[in-house]
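If you want the building blocks of each chain, they are given just below.
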Amino acid sequence: MLAYTLKRLAGVVPTLFILLTATFLLVHLAPGSPLDGDRPMPAEIRANLEAKYHLDEPLIQQYGRYLANTAQLDFGASYQYKDTSVNDLIATGFPVSLAVGGFSLLFALVLGIPLGILAAVRQNMPADYGAMGASLAGISVPNFVLGPLMILAFAVYNDWLPAGGLGGWQHYVMPVIALGTMYLAYVTRLMRAATIEVLRAPFIRTARAKGLSETRVFVVHVLPAALLPVISFLGPGAAAILTGSVVVEQIFGIPGLGRFFVTAALNRDYTLVLGITLFYGIIIIAFNLVVDVLYGWLDPRVTYR
Amino acid sequence: MLLRVDNLAIEFATYSGTVPAVRDLSFATDHGESVGIVGESGSGKSQSVLALMGLVADNARVAGSARLAGPDDAAPVELIGARARVLRRVRGARIAMIFQDPMTALNPHLRIATQMTELVRTHLGVSKREATERAVAMLEAVRIPQAARRMRAYPHQFSGGMRQRVMIAMALACEPELLIADEPTTALDVTVQDEILETIAELRAATNTALLLITHDLGVVAGQCARTIVMQNGQVVEQGATERIFEQPAATYTQDLLAAIPRL
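From first to last, the protein sequence lines are chains A and B. Letter 196 of the first sequence, counting from 1, is numbered 196 in our numbering, and no numbers are missing. Letter 98 of the second sequence, counting from 1, is numbered 1098 in our numbering, and no numbers are missing.
I should point out that these hints are in silico values taken from the structure, not numbers from a laboratory. Hints are not guaranteed to be accurate.
Said to hold, decoys possible - Here are the computed distance ranges between Cβ atoms for each label pair:
| hint | chain 1 | residue 1 | chain 2 | residue 2 | range |
| --- | --- | --- | --- | --- | --- |
| 1 | B | Glu-1040 | A | Leu-294 | 43 to 49 angstroms |
| 2 | B | Glu-1040 | A | Leu-136 | 39 to 45 angstroms |
| 3 | A | Glu-214 | B | Asp-1072 | 24 to 30 angstroms |
| 4 | B | Asp-1073 | A | Leu-294 | 40 to 46 angstroms |
| 5 | B | Gly-1042 | A | Ile-196 | 46 to 52 angstroms |
| 6 | B | Pro-1145 | A | Tyr-304 | 23 to 29 angstroms |
| 7 | B | Arg-1152 | A | Val-293 | 49 to 55 angstroms |
| 8 | A | Gly-11 | B | Glu-1133 | 54 to 60 angstroms |
| 9 | B | Arg-1004 | A | Ile-196 | 51 to 57 angstroms |
Where is the CB? At the ideal position from N, CA and C, for every residue including glycine.
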């Protein structure tokens, strides 16, 4: 397992290299420049700034410079936020995104797992139809619809929750529901399907034939097997929830990483776009690795090579 | 009499109406006796024994009676329609079951130790250590080499034959009065088949356990069972002493079955 983990870690570097190269080319291919503003800039000032940021150099030279800095984990200075490094922006934005994303994932798991089990145990009964109907709605309604609707209902027409910004726990309620609902729906459906399948497995019949209590059959025999698909969804799911908070952060005005990402792309803030993309890449790779290792621990049939 | 089944009938409620699976099955078994149930696929033999354990699917309707003699001349226990609590005290403790496919009948996520000791602890109420000792002794009885060490293994680390041995060890761990074996050798190699049947016979003899053996292999019945029940389309075609059935089959279906055995 250690050898497997090390092997997977060795694969991280080339993956990130490809990601970095592709993103670098794409942002530089996009029309416009970080120095384009609302008003045209005098040519001398523009030339000076381009020299300062090395934007006058050939692309290949800029690429080499960026690569060398990134190798030392220095993502450079932001073009947009004066006197702030990309590293600083990630350090301030990420904890905020992590909190919103983490609570959303928790919301999805804590509600989705029991709901999926309930639907499976009451298969083809009203509770099942209710849970499945709700989860279909949850998957179908995008968070950029759900978010504004909630703001209207709970912040505008009723003064129950703050419409945006960050402060106490009340500020988290709507963003977490907006971000987590789709994942809640996914987890519910995954858990339902897996539980139904495991309940039909021959080894569950064996467990019952042994005279075990229904509680023990469920907790010891059904649950661990039925949780496996949810666990494997957790890797890409957690990564998607952290990187996917872009829209929700925009709607609720949350100063998280996703918000920086959007403004950086709009402002051609090359270094910030590249830095956040790489950072997201590392998160996605890390979550997948953690889940793969966790999966082997839960399913003894999985062997690592 | 250990088990007495009277007019057992099973129907399945499906979208396209009610499908009868078993009609009017009656038989009896005494302590230590061995009864074979033979028949083709879909003849209702598996569903009949699952009904005795209360393990039929939710859409099954079971009628009739199956009485298991109470311990020490107590009143017999009615198994059909019994409460879950009653059934749980019978399952694994008084009637144990071995299934057809040992590859899927054991839980792939749990160690052999867990699967064996949970049964022993549920029914015998012993400490974890005593349960482990009992489990190891049973694994040794079914000739699992290095039994104590193999307790920590998972089912996928065993061969098919060894898994079926584990199933047998588990089934007999609480010394049940009746062992139901539903096609115990069908999924195994021919060479392993004999070993498994031998192991069952050996352990059964030691504890005077009755056997209800379900198979479509007439050769297996001939070797293992004193009495035989032949089933077709959910009904008993004929039943009686195995020897008589093999030498003078009364029903044409039994004659056809016997004629279908390939001869060398």
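Evaluation of the provided hints:
Against the hinted window of 43 to 49 angstroms, the Cβ-Cβ separation of B/Glu-1040 and A/Leu-294 comes to about 46 angstroms, which satisfies the hint. Separated by about 44 angstroms at the C-beta atoms, B/Glu-1040 and A/Leu-136 satisfy the suggested range of 39 to 45 angstroms. Here the CB-CB span from A/Glu-214 to B/Asp-1072 is close to 29 angstroms, well matched to the stated 24 to 30 angstroms. About 55 angstroms separates the C-beta atoms of B/Asp-1073 and A/Leu-294, a value inconsistent with the hinted range of 40 to 46 angstroms.
Hint check: B/Gly-1042 to A/Ile-196, Cβ distance near 25 angstroms, so the stated range 46 to 52 angstroms is violated. Separated by about 27 angstroms at the C-beta atoms, B/Pro-1145 and A/Tyr-304 satisfy the suggested range of 23 to 29 angstroms. One distance hint, 49 to 55 angstroms for the beta-carbon pair B/Arg-1152 and A/Val-293, is violated here, with the actual separation near 21 angstroms. At about 47 angstroms, the beta-carbon gap between A/Gly-11 and B/Glu-1133 misses the expected band of 54 to 60 angstroms.
Between B/Arg-1004 and A/Ile-196, the C-beta spacing of about 37 angstroms breaks the proposed range 51 to 57 angstroms.
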